[in-house]
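In order, the protein sequence lines correspond to chains E and C.
Sequential numbering from 1 applies to the first sequence in the numbering used here.
Sequential numbering from 1001 applies to the second sequence in the numbering used here.
Certain hints may be false.
[Stated by the list, open to error] Rough simulated footprint, nothing fancy, chain C against chain E, three-plus residues with beta-carbon under 8 Å:
#, region
1, 74–84
2, 124–132
3, 138–150
4, 219–231
Since the hints were made in silico from the structure, they are not lab data.
Quick reminder that beta carbons are idealized off the backbone N, C-alpha and C, glycines included.
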Amino acid sequence: MLPRYFTDKLAKYGVLITALVSILVLLAIAVFIIQGGLPLFSAVNPFDFLFGQSWSPTYDEYGILSMIVGSLLVTLGSMVIAVPLGIACAILLAEVAPQRVRNLLRPAVELLVGIPSVVYGLVGIMVIVPAIRNLGGTGYSVLAAVLVLSIMVLPTIISISEDSLRAVPRTYRDGSLALGASQWQTIWHMLLPAARSGVGASIVLGMGRAIGETMAMIMVIGNAVIIPTSPLDPARTLTGNIAVEINYAAGLHENALFATGLVLLILILILNSLATLALKRGEQHA
Amino acid sequence: MLPVTAVMLLALGVAGCSNDDEADNNDDNNDNTPTLSGTINEAGSTTVQPLAEKLAAAFKVLYPNVNVVIGGGGSSVGVKSATDGTVEIGAVSRELKDTETGLTKYLLAKDGIAIVVHPDNTAVANLTVDQVRDIFSGVITNWSQVGGPDKAIHVMAREEGSGTRTAFEELVMGEDVRIVANAVLQNSNGALKTALAGDKDAIGFISFGYIDSSVKALSINGIAATSENGKNGTYPIIRPLYFLTKGTPSELVQAFLDYCMSDAVQQIITEEGYLSVN
Chain E
1 MLPRYFTDKL AKYGVLITAL VSILVLLAIA VFIIQGGLPL FSAVNPFDFL FGQSWSPTYD
61 EYGILSMIVG SLLVTLGSMV IAVPLGIACA ILLAEVAPQR VRNLLRPAVE LLVGIPSVVY
121 GLVGIMVIVP AIRNLGGTGY SVLAAVLVLS IMVLPTIISI SEDSLRAVPR TYRDGSLALG
181 ASQWQTIWHM LLPAARSGVG ASIVLGMGRA IGETMAMIMV IGNAVIIPTS PLDPARTLTG
241 NIAVEINYAA GLHENALFAT GLVLLILILI LNSLATLALK RGEQHA
Chain C
1001 MLPVTAVMLL ALGVAGCSND DEADNNDDNN DNTPTLSGTI NEAGSTTVQP LAEKLAAAFK
1061 VLYPNVNVVI GGGGSSVGVK SATDGTVEIG AVSRELKDTE TGLTKYLLAK DGIAIVVHPD
1121 NTAVANLTVD QVRDIFSGVI TNWSQVGGPD KAIHVMAREE GSGTRTAFEE LVMGEDVRIV
1181 ANAVLQNSNG ALKTALAGDK DAIGFISFGY IDSSVKALSI NGIAATSENG KNGTYPIIRP
1241 LYFLTKGTPS ELVQAFLDYC MSDAVQQIIT EEGYLSVN
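One chain only, chain E, in its complex shape (with noise of 0.2 Å):
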């Protein structure tokens, strides 16, 4: 046996080493990608970069404001469609539901995390861009993929949202109803709002899960370059653009890639921040 004092050592500098190295791998991240991307603005004007709506690499114009539209677009999109669809089912699941439907769809909803995103994208070709192509356009649309990603981030949403409902103490559930509040009124202002920091988290990690799809948004968003100006229109996420021309990249190309990937960095910080911000206020409010 080895003394107490040994092992609560190992254990804490164990940790702390583990700790330390994600925080190293995330920065070699950040160094790398930045490294990459800035040879760019040696030869490209980064305001022209972030604000150029033109993006053709043979003529060297490297714009991308198309892309952050439209990375944000079906972000935005999708978690208007998401967001009600996810918490309202995590009610569902958490409260209303009797058990044995709980046992049935519980599953199915961690099922459906599992499925790789190129799945998604296959049943995006097969079955929704079709069906939208008969609304007008070619169907590889905005609308296409906010649907796909609103499916992809339900999961997400429902599961993490589901487990803090039920993280809230039996006995406030109890006291509400013994003051005479019916199950909705007990569930709309008592449970959520004392669930509201895992309920946020579900809809920022749900966010994260968007903003950084690729490949099934490659497959039904039609990867043109330009600002959509309808929801049948094709366009282009940031993440779709590194990886539909990375492979044929070489030089300031390349550069203008991996400075793609320092803005979409740069994006996900920002509405992570956000989003942090928004429930820390929230909070103090409550």
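With chain E held as given, fit chain C onto it using these hints.
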């Protein structure tokens, strides 16, 4: 299956001829005839890739101790990795740019680029090169302008940097005429074909090697998109497929290149839907 069988037969045939030599080699190690062994790395154009895989497999039947590793990546990757020396052979499906120097080109085959539409598009069977250019640059936007029904044309193209796109731009679009920005872009010949096969109003371009019954290849300037017309030079949209090396190739690499350029192997190239250069 037929091409594969042909490769096998061919390989066996050649191997059969050299059986005596090999027997000698085994008996007498001092023989000067070198036995080839080692690894050749190839990477580059995805248009060349399926063909290169067939050639590598056939070569391995002749020389079991040689491994030819085929990678994709695209034409620009082919040029880059050959220049950097990370592979012995690079593959490219377009002409080299002025900036891409210091490499030796070996003309492996030629490939036609077919302008394809949905098979249900029966009204349009022929376009001129000028019409194709106008469609892809967004000057012509409705099928009725080229003799079809009154419907918007859905332009589909390949992504920036693709060898097929670069060759198409060179051969059809010309200097400074760009593919329209709202074109739906797909990142491989296969993906483009799938997208096109599902859309009755679409037009796109793919390598001759990928044509099948799911799409209809248009005649250009009245010339049908067939291997014969590609080979006799009448079909206007033809591009070269090159293997690239840097410096003098090693004996092993040279043997593989010679093998790929030989008349018998050029036969396989024809069977795969590409255009033989011999």
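Taking the hints in turn, this is what the structure says about them:
no.	hint	in the structure
1	74–84	violated (count 0)
2	124–132	holds (count 3)
3	138–150	holds (count 3)
4	219–231	holds (count 6)
Violated hint: 1 only; the structure is consistent with all others.
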